[in-house]
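K.L.:
The chain contents come next:
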Amino acid sequence: MAVDFGGIKMKNPINTAAGTFGQGWQFEPFIDVSELGAITTKGCAAEPWPGNPAPRMCEIPGGMMNSVGLQNPGVRGFAEESGEYLADLTAKGTQVICQVAGHSTEEYVRALELFCELCPWAAGFEINVSCPNIAAGGAACGSTPEGAAEVMRACRKVTDKPLVVKMAPVRVAEIARALEAEGADGLSVINSISGMAIDVHTRRSRLSKPTGGMSGPLCHHIAVRMVWEVANAVKIPVNGVGGVMTGEDAAEFILAGATCVSVGMANFADPTASVRILHELEAWAESQGVSDINELRGAVIC
Amino acid sequence: MPQPSSARLHEFRIVSNDKIAQDIFSLVIEAPQLAKTIKPGQFMNFEVPGNAMSLLRIPLSFARADADAGTVEIWYAVVGDGTERLSRMKPGDTSTVLGPGGKGWGVPAECSRALLVGGGIGVPPLVPLAAELARAGIPFDVCLGAKTASELVGESELDALGAQTLSVATDDGTEGHCGFVTDLAAELLQQGGYDYVATCGPGVMMQKVAEAALAAGAYCEASLERMMSCGFGACSTCNVETTEGMKGACMCGPVFDASKVVVW
Ligand SMILES: Cc1cc2nc3c(=O)[nH]c(=O)nc-3n(C[C@H](O)[C@H](O)[C@H](O)COP(=O)(O)OP(=O)(O)OC[C@H]3O[C@@H](n4cnc5c(N)ncnc54)[C@H](O)[C@@H]3O)c2cc1C
Ligand SMILES: Cc1cc2nc3c(=O)[nH]c(=O)nc-3n(C[C@H](O)[C@H](O)[C@H](O)COP(=O)(O)O)c2cc1C
Ligand code: FES
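Line order of the protein sequences matches chains A and B.
To convert, note that position 177 of the first sequence is 177 in my numbering; the numbers rise steadily by one, no gaps.
To convert, count from 1 in the second sequence and add 1000; that's my numbering.
Source of the hints: derived by calculation from the structure; they are not laboratory data.
Check before you lean on any hint, since a few could be wrong.
Claimed, not checked - Result set (DSSO-like, lysine-lysine): computed pairs, CA atoms no more than 27 angstroms apart in a straight line:
# : chain 1 : residue 1 : chain 2 : residue 2
1 : B       : Lys1039   : A       : Lys209
2 : A       : Lys92     : A       : Lys9
3 : A       : Lys235    : A       : Lys11
4 : B       : Lys1090   : B       : Lys1019
5 : B       : Lys1260   : A       : Lys209
6 : A       : Lys9      : A       : Lys209
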């Protein structure tokens, strides 16, 4: 089941989606986290961010919407709180991918520098280019090929360690090509999809912000299509993210061309979901009569 | 490693699920391990089957736990799809629950007299607290509020636990004082003698109670509600703004030191 996600050597293809798996240790009462191929930690910036006011979540049919606003304790706080646990997890063979957040290219670089200094155990870093960019009036850096490329170019200079980019669900093929050209080692596709939910009785948004990011099964088939487009557009490996609730959902990403797969909101309803999905994926690979999961990558017939 | 949540995944079987007031049900579940470990003020997160489009659990407090019988009793109001589905579950039905989660009530060691103030469906977590106070021999008074008499819960249970006085307020005057429960609580607090106040109910109600407690020099704790996605510290959606920054209600709460709460 081993796969190579842009230099991040995973013992199996199951990863977790940033922001849905805490920093890993929250799940230890429920599963042996070290069974997973990798975990991706919650996005962290150089300095702490307070996040948005409540309410930050509402349930919608087939998923949920959130406006957490990347609340995080800053890289220093993150390393102090969870560093020892994550170093230990790495020693047990589960790769730790630390997600990097920022409001500008300079902030991404500063956060990545701090990560390199304080988290030497990290297998690689995931740059979340969906954060609101202050200079661009709040639009995400990652919403244009130029913006995404600029962040990638600056981050590439900081480290030779694997750098993957968490892509917003917009213009994915062209942005993927721009990121590949700037030296990205892998791509996580997709981040949550922007949506809006209104309480018609109070006429207010159901979140403290007008809009939020939609997650869950409702995004799965959009994500599968985008993974397929990206996998066809670039040579670097893809991590499929969006609405994975079962091993078969994960298998769909692999057939669409993903090297690995992240489990997101499924972790909330069922804290054992990631390990269950791993076992279901193993059973599927066996049912397909292959001994190596890599043989199934991109094997969709169409 | 930082301390993860005390919640564990339990299977439960429904013993009974009966209407006890207008749109309010009492659910008794058999979950021996949970019954043994849950502490007053902690909560559980229920998987309620029956809607494939609804994936998240429902957080609920408990009103009573019986370690010997292995049962936990929950009082819940039917307010939407999830609680409606829960109300249709029958004795013998099974599902899963995550719990016990969060930080419960922290009665100060030196507490000599307590006041419990509950509004609407905020009453349940005050019941196990009253039982704890009774066991510790700490005298307590209770103020309960509801929109109308038919929505009032907990009166007989709190009385049976030995409340020294129990006063009721309803918005429409169908029982007790016609007006807000905060009027009753403020009056009692003005008379003095309390060093601990515990409150659960609508945010504005708790805020008023906290102000009155502060003025009376009593330590006040409040049990807050937030939209929760996981219930065990993994998602950061359950934030409470406090004087010490954003705190997750599922791990640092749901019971908070009321003097530190900024947004109710
Ligand atoms: C720690 C905690 C303890 C709770 N204890 C109890 C209890 O003992 N008894 C009880 O009846 N209720 C309790 N609640 C509230 C209960 O969780 C919600 O009423 C329930 O989730 C509503 O689900 P629904 O699908 O029926 O409603 P929905 O259709 O989801 O929503 C209906 C209405 O309920 C509100 N609501 C939804 N979720 C929550 C939530 N998590 N907190 C507050 N309001 C919400 C919505 O804003 C909406 O106005 C508690 C909540 C928390 C966070
Ligand atoms: C509560 C919550 C917090 C999230 N936080 C982040 C984050 O910090 N960084 C990020 O790139 N994506 C974040 N996401 C998006 C997920 O990583 C994932 O891309 C998305 O939820 C789709 O996958 P899913 O349907 O499996 O949940 C968050 C999602 C949720 C529900
Ligand atoms: S509900 Fe997920 S962190 Fe509190």
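K.L.:
Where does the structure disagree with the numbered hints, that is, which hint numbers, in rising order?
P.N.:
Structure breaks hints 1, 6.
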